[in-house]
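Trainee: With these hints in hand, go ahead and build the complete structure from the sequences.
Residue-level listing of the chains:
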Amino acid sequence: MTTTTLAVLVPLLPFLGAAAGLLLGRTAPGFVRPLAVLPVLASFALAVVVAVRQGGDQAVDAATELTPTGSVPIELALHIDGFAALVALLVGFVAACVQIYSTGYLRDDPRYPSYAALVSLFTSAMLLVVYSGDLIVLLVGWEVMGICSYFLVGHYWETPEARAASLKAFLVTKLGDVPFLIGLFALATDAGSFRITRVLGTVAHGGLDHPTLIALLLLAGVAGKSAQFPLHTWLPDAMAGPTPVSALIHAATMVAAGVYFIARLLPVFEASRAAMLVLAVMAAVTMTGSALAALAQDDIKRVLAYSTIGQLGYMTGALAVGDRGAAVFHLLAHGAFKALLFLAAGVIIHAAGTNSLAAMSRMSHLRDRVPDAFWTMTVALLALAAIPPFSGFFSKESVLGAAEHVATGHTEHAPGAAGWTVLVSGLLTALLTAAYATRLWLLAFHGRGAEAPDHGRQPLTMTVVLWVLAVPSLAVGAFAYRTLPDWFDGRDLTPTLTTSVLGTGVALVGGLVTYAAWRHTTALASRVPLGAVAAHAEGDAGQVEAEAIASHKPAYGDVAYAPDPADPGRLLLGPLHRHAAVGFHLDAVYTALFVRPVQAGATLVRFLDREVVETYVRGAGALPRLLGSAVRRAQTGNLQTYVSALLAGTVVLVVAAVLVATGA
Amino acid sequence: MHLAYPVVLSALLFCTGLYGVLARRNAILVLMSVELMLNAVNLNLVAFDVWLSKAVEEALHSGQALTLFTIAIAAAEIGIGLAIVLAVHRNRGTADIDKLRDTAEGLEGHPADGSDSDAPTAEQADRTGKAEATA
Amino acid sequence: MSLAAETHGFLSPTGVEIAFLLVGLVTFGAALVTVTTKQLVHAALWLVVALGGLAVEYLLLTAEFIAWVQVLIYVGSVVVLLLFGLMLTKAPIGRSPDADSGNRWAALGVAVAAAAALVWVVVDAFRATWIDLDGPAAGSTDATGASLFQNWVLPFEALSVLLLAALVGAIVLSRKAKTGVSQPTAGKADTGPVTAGRTQASQATPGKTSASQGTAGKADREGTP
Chain A
3 MTTTTLAVLV
13 PLLPFLGAAA
23 GLLLGRTAPG
33 FVRPLAVLPV
43 LASFALAVVV
53 AVRQGGDQAV
63 DAATELTPTG
73 SVPIELALHI
83 DGFAALVALL
93 VGFVAACVQI
103 YSTGYLRDDP
113 RYPSYAALVS
123 LFTSAMLLVV
133 YSGDLIVLLV
143 GWEVMGICSY
153 FLVGHYWETP
163 EARAASLKAF
173 LVTKLGDVPF
183 LIGLFALATD
193 AGSFRITRVL
203 GTVAHGGLDH
213 PTLIALLLLA
223 GVAGKSAQFP
233 LHTWLPDAMA
243 GPTPVSALIH
253 AATMVAAGVY
263 FIARLLPVFE
273 ASRAAMLVLA
283 VMAAVTMTGS
293 ALAALAQDDI
303 KRVLAYSTIG
313 QLGYMTGALA
323 VGDRGAAVFH
333 LLAHGAFKAL
343 LFLAAGVIIH
353 AAGTNSLAAM
363 SRMSHLRDRV
373 PDAFWTMTVA
383 LLALAAIPPF
393 SGFFSKESVL
403 GAAEHVATGH
413 TEHAPGAAGW
423 TVLVSGLLTA
433 LLTAAYATRL
443 WLLAFHGRGA
453 EAPDHGRQPL
463 TMTVVLWVLA
473 VPSLAVGAFA
483 YRTLPDWFDG
493 RDLTPTLTTS
503 VLGTGVALVG
513 GLVTYAAWRH
523 TTALASRVPL
533 GAVAAHAEGD
543 AGQVEAEAIA
553 SHKPAYGDVA
563 YAPDPADPGR
573 LLLGPLHRHA
583 AVGFHLDAVY
593 TALFVRPVQA
603 GATLVRFLDR
613 EVVETYVRGA
623 GALPRLLGSA
633 VRRAQTGNLQ
643 TYVSALLAGT
653 VVLVVAAVLV
663 ATGA
Chain B
528 MHLAYPVVLS
538 ALLFCTGLYG
548 VLARRNAILV
558 LMSVELMLNA
568 VNLNLVAFDV
578 WLSKAVEEAL
588 HSGQALTLFT
598 IAIAAAEIGI
608 GLAIVLAVHR
618 NRGTADIDKL
628 RDTAEGLEGH
638 PADGSDSDAP
648 TAEQADRTGK
658 AEATA
Chain C
365 MSLAAETHGF
375 LSPTGVEIAF
385 LLVGLVTFGA
395 ALVTVTTKQL
405 VHAALWLVVA
415 LGGLAVEYLL
425 LTAEFIAWVQ
435 VLIYVGSVVV
445 LLLFGLMLTK
455 APIGRSPDAD
465 SGNRWAALGV
475 AVAAAAALVW
485 VVVDAFRATW
495 IDLDGPAAGS
505 TDATGASLFQ
515 NWVLPFEALS
525 VLLLAALVGA
535 IVLSRKAKTG
545 VSQPTAGKAD
555 TGPVTAGRTQ
565 ASQATPGKTS
575 ASQGTAGKAD
585 REGTP
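Protein chains in written order, with our numbering: chain A, 3 to 666; chain B, 528 to 662; chain C, 365 to 589.
Treat the hints with care, since some could be wrong.
[Claimed, not checked] Cut-off 20 Å, straight-line C-alpha distance, at most; resulting in silico cross-link-like pairs (SDA-like, lysine to any residue):
1. B:K581 / C:S511
2. C:K454 / B:I611
3. B:K626 / C:G466
4. C:K402 / B:D623
5. C:K454 / B:A614
6. C:K454 / B:D623
7. B:K581 / C:T493
8. C:K454 / B:N618
9. C:K454 / C:V443
10. B:K581 / C:V380
[Unchecked claim] Label-pair restraints from in silico Cβ distances:
11. C:D496 / A:A663: 24 to 30 Å
12. B:D629 / A:E613: 37 to 43 Å
13. C:E521 / B:D629: 36 to 42 Å
14. A:P626 / C:G458: 48 to 54 Å
15. C:L472 / A:E613: 50 to 56 Å
16. B:D629 / A:A659: 32 to 38 Å
17. C:P456 / A:V656: 36 to 42 Å
18. C:E521 / B:V583: 24 to 30 Å
19. B:D629 / C:W484: 35 to 41 Å
20. A:A663 / B:D629: 38 to 44 Å
21. A:L606 / B:D629: 47 to 53 Å
22. C:A477 / A:R612: 51 to 57 Å
23. A:P626 / C:D488: 41 to 47 Å
24. C:L472 / A:A663: 23 to 29 Å
Think of the hints as simulated: they come from the structure by calculation, not from any bench.
We put the beta carbon where it would ideally sit given N, CA and C, even for glycine.
Mentor: In structure tokens, the structure reads:
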């Protein structure tokens with residue numbers, strides 16, 4: 003088979019698996035697990051073959067036009083360069099891990115068939131986005147991901163948190179998608195084609211008429227999908243979904259789509275310096291703000307969610323300084339260790355029966371209950387904190403290195419201001435990242451108090467996946483930074499000495515400071531008892547998690563916050579803690595700016611409908627009502643009256659007919 | 528003989544029956560009036576048949592045949608009708624037509640307005656109950 | 365025809381016409397009494413007069429077979445049946461003040477209007493039409509039988525099916541009301557011979573058929589109370 007055929011099969015197989023899973027889910031439950039796992043695994047294998055055949059050489063391009071579609075043609079096109087091949091590899095890998103993990107995690111869930119099918123569909127959509135060489139086809143995958151995220155985040159729709167979170171995820175990403183769509187049209191109008199290759203060709207010749215406008219419109223969609231400030235608020239709330247879904251959304255799909263999209267169309271953004279500056283500022287605000295917020299979260303998954311936003315900030319930062327190699331490198335490394343973090347967090351939540359770090363910090367021996375999760379999570383957290391030699395170190399150093407490169411004025415791609423912004427905020431975020439990673443690790447695994455409940459060993463499907471994912475987090479970075487440039491633009495990804503020392507230094511400082519703060523505050527933990535444990539601790543992991551999420555607000559007063567004086571984050575952040583815990587009140591701002599006016603408008607419309615329109619309707623109904631009551635009076639039920647009326651009418655008609663017929 | 532005589536008599540008899548159907552209270556009297564109307568039609572049929580059988584060469588005597596049929600059907604009708612009247616009388620204790628007003632609108636204390644939606648169902652339920660009592 | 369009709373005036377009626385008019389007046393009067401009398405049983409008896417008068421009218425129109433069928437079925441069975449019906453519904457003997465419903469004035473209006481319209485139309489249409497009653501009788505048994513069994517066999521047989529259906533219907537309606545356990549067997553014993561007789565009767569003239577049907581319904585009803 004040619005590479006093109008294989009590449010077409012890569013997104014197609016999970017799609018067929020999803021369709022078959024949805025069709026057979028009720029009738030043949032035995033086929034659901036194979037149908038969920040096998041197509042994704044096969045598509046991963048095919049992605050490997052495609053990547054090997056492509057090998058970072060000349061991009062594979064293929065296109066077929068199904069039908070003429072008006073002035074700007076839409077083609078089913080493939081465009082596989084090194085970026086696409088490697089990102090597809092990551093997507094397939096993480097999706098396969100998530101599907102295997104889900105068979106254990108949602109073992110007893112009655113809605114598992116539809117869940118698995120939606121995960122497959124999600125994967126298929128992301129693979130479509132990755133391989134597509136046509137912007138409209140890309141948009142199809144982009145939107146399918148949006149609707150799938152809505153369904154998957156709302157998997158536990160019995161809880162109000164999940165319902166609200168799924169709606170929020172859908173609406174916020176759609177808020178970005180509308181300008182995105184307009185931007186796509188504007189871009190295609192300027193370039194005369196939706197094909198990415200032709201668009202890039204047009205850009206190379208300076209053929210774009212409105213580069214800044216197009217770039218900013220596209221940026222809005224990317225901000226929504228990749229959870230960048232100010233459209234990131236859906237991501238922490240999306241934690242209301244099952245943990246494997248969080249892993250999938252955060253690591254490989256959905257949020258990666260935005261970054262990947264900019265990486266593909268980077269020349270379009272580079273055509274506008276303003277857009278690059280906006281991108282840099284957006285990245286800087288996103289990463290520092292989310293890192294601060296992550297330090298204050300109580301829900302273990304929300305910490306990880308804010309950390310995802312921060313790491314995405316690094317990627318957009320790398321893009322803002324015009325280095326897409328670094329961005330995609332970080333995307334790949336982050337995809338691996340973030341998937342691992344989430345899946346391990348799922349195991350921990352299952353074992354502890356709670357998602358609250360405050361409650362975990364009052365449990366001893368939690369790490370002995372889940373040794374696999376403990377070790378793999380330690381690896382992943384070290385990678386997240388960018389400690390050498392874990393993969394996160396290399397990818398983050400490549401980002402910081404690129405920023406430093408631009409800041410010192412070595413390139414013409416991007417403005418120097420963007421470089422400085424990214425560099426400074428990147429170093430600050432490195433400090434904070436190490437701090438919240440350390441905090442997470444200490445609170446989760448070094449709690450003191452009652453022993454953690456023992457529910458026996460975790461399912462094998464869940465623990466094996468953790469170790470499989472730990473391998474790339476542990477090792478890939480060191481090998482990849484030498485080979486990856488061949489796949490990408492050829493720019494060097496080797497860490498520079500200055501940024502390495504600076505980055506590792508601040509990371510170590512962050513970790514040590516947090517440790518010191520923890521030593522200082524941990525004595526308080528025993529004084530303030532806190533804790534909430536799921537009611538059905540023996541159920542499967544999905545049920546435990548759903549109960550933990552549902553009970554967090556009643557137990558602590560907020561989904562993200564716990565009044566825990568033993569929290570080192572509280573000591574470190576000081577007065578900022580209160581604001582950081584609620585995401586710097588951005589939700590409140592949105593409520594005031596959008597939700598309230600819309601609700602007020604709805605109230606007004608309701609008032610108009612109930613009081614004004616209804617009055618007219620009632621007024622119009624008065625006459626028929628009157629006539630109706632008059633006619634009703636005639637319905638006496640007396641048959642003779644009816645027949646009398648009937649015959650009287652007949653007589654009148656007959657006389658009339660005779661008169662007319664005789665011409666009288 | 529002038530055709531007008533039987534035809535006018537027939538018309539008058541028919542209208543007499545009509546009056547009886549509309550004005551009589553007892554169902555059996557109504558049936559009698561129906562018989563009068565049927566007979567008026569029969570007279571018409573016979574009169575026209577006699578006229579046409581003389582006026583036209585190939586007459587089928589359709590009028591007389593139809594008269595016989597009408598008589599037979601009238602007999603069947605009176606049998607069924609009386610059976611119905613007796614059944615009604617047995618169940619309701621009356622054979623008065625103007626007391627059989629189940630199809631009347633608003634007899635069951637129809638609310639003025641507001642609950643238009645559920646009033647018919649309540650009424651229907653009421654009627655169903657009554658029908659069951661009848662059977 | 366029309367020329368012949370011109371010669372016959374309304375002012376010089378023949379003997380047949382005078383007889384027809386007189387009998388017609390009696391019939392009409394009896395019919396009026398039937399629909400207005402306050403005594404229910406009298407109404408049935410006046411109905412006999414009206415139906416008998418009609419039979420005479422048929423005779424005057426030379427339809428002799430129809431006339432005898434009329435006497436046999438209407439006067440013989442239908443009126444008897446109606447009388448039974450009156451008794452079974454416990455109709456009051458003597459004057460009942462509420463024989464007419466409140467609808468009578470409307471009914472009167474409708475009836476008079478209908479009568480006026482009908483009379484006006486038929487007189488206007490047929491005032492010059494003349495029935496030639498001379499020659500062979502148009503409604504002799506011979507002629508009627510010939511036309512009935514030559515041209516009207518199929519409707520005739522269809523009618524017998526209709527009568528059977530009516531018979532079964534009458535039985536079902538009567539049975540339905542029964543509540544006891546022993547009643548249905550009595551009803552069944554009742555219907556058995558009737559059905560047998562009915563099959564036989566359907567071969568005969570319709571008049572006879574309905575006569576036997578009438579008695580069957582009567583016998584059935586007698587068993588009910």
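Trainee: Decide, hint by hint, whether the structure agrees.
Mentor: For each hint, the structure was consulted:
A C-alpha spacing of about 15 Å is found between K581 (chain B) and S511 (chain C), which places the hinted pair at or below 20 Å, so the restraint holds. For the given pair, K454 (chain C) sits about 15 Å from I611 (chain B) by alpha-carbon distance, which is consistent with the 20 Å threshold. Taking the CA atoms of K626 (chain B) and G466 (chain C), the gap is about 12 Å. The hint holds against a cut of 20 Å. Proximity of K402 (chain C) to D623 (chain B) is assessed by CA-CA distance (about 14 Å); at most 20 Å being required, the pair is judged to hold.
Restraint check: the Cα-Cα separation between K454 (chain C) and A614 (chain B) comes to about 13 Å, which is no more than 20 Å; the hinted pair holds. As the CA atoms of K454 (chain C) and D623 (chain B) are separated by approximately 12 Å, the hinted pair is consistent with the 20 Å bound. For a cut-off of 20 Å, the pair hint linking K581 (chain B) to T493 (chain C) stands: about 12 Å separates their Cα positions. The straight-line distance between the Cα atoms of K454 (chain C) and N618 (chain B) is roughly 14 Å, inside the 20 Å bound, and the hint therefore holds.
The straight-line distance between the Cα atoms of K454 (chain C) and V443 (chain C) is roughly 17 Å, inside the 20 Å bound, and the hint therefore holds. Distance restraint check for K581 (chain B) and V380 (chain C): the Cα-Cα separation of roughly 17 Å lies within the 20 Å cut-off, and the hinted pair is therefore satisfied. For D496 (chain C) paired with A663 (chain A), a C-beta distance near 29 Å keeps the hint of 24 to 30 Å intact. Distance hint for D629 (chain B) and E613 (chain A): a CB-CB separation of about 41 Å, consistent with the stated range 37 to 43 Å.
At roughly 39 Å, the beta carbons of E521 (chain C) and D629 (chain B) sit within the given window of 36 to 42 Å. Between P626 (chain A) and G458 (chain C) the CB atoms are about 51 Å apart, so this pair conforms to the stated range of 48 to 54 Å. At about 54 Å, the beta-carbon gap between L472 (chain C) and E613 (chain A) stays in the expected band of 50 to 56 Å. Distance hint check for D629 (chain B) and A659 (chain A): the Cβ-Cβ separation is about 35 Å, which falls inside the suggested range of 32 to 38 Å.
Separated by about 38 Å at the C-beta atoms, P456 (chain C) and V656 (chain A) satisfy the suggested range of 36 to 42 Å. The hint said 24 to 30 Å for the Cβ distance between E521 (chain C) and V583 (chain B), and at roughly 26 Å that hint holds. About 39 Å separates the C-beta atoms of D629 (chain B) and W484 (chain C), a value consistent with the hinted range of 35 to 41 Å. Hint check: A663 (chain A) to D629 (chain B), Cβ distance near 41 Å, so the stated range 38 to 44 Å holds.
At about 49 Å, the CB distance of L606 (chain A) to D629 (chain B) agrees with the hint of 47 to 53 Å. Roughly 53 Å separates the CB atoms of A477 (chain C) and R612 (chain A), a value that falls within the hinted 51 to 57 Å. One distance hint, 41 to 47 Å for the beta-carbon pair P626 (chain A) and D488 (chain C), holds here, with the actual separation near 44 Å. For L472 (chain C) and A663 (chain A), the hinted distance range of 23 to 29 Å is satisfied, since their beta carbons lie about 28 Å from each other.
Violated hints for the displayed structure: none, as all numbered hints are satisfied.
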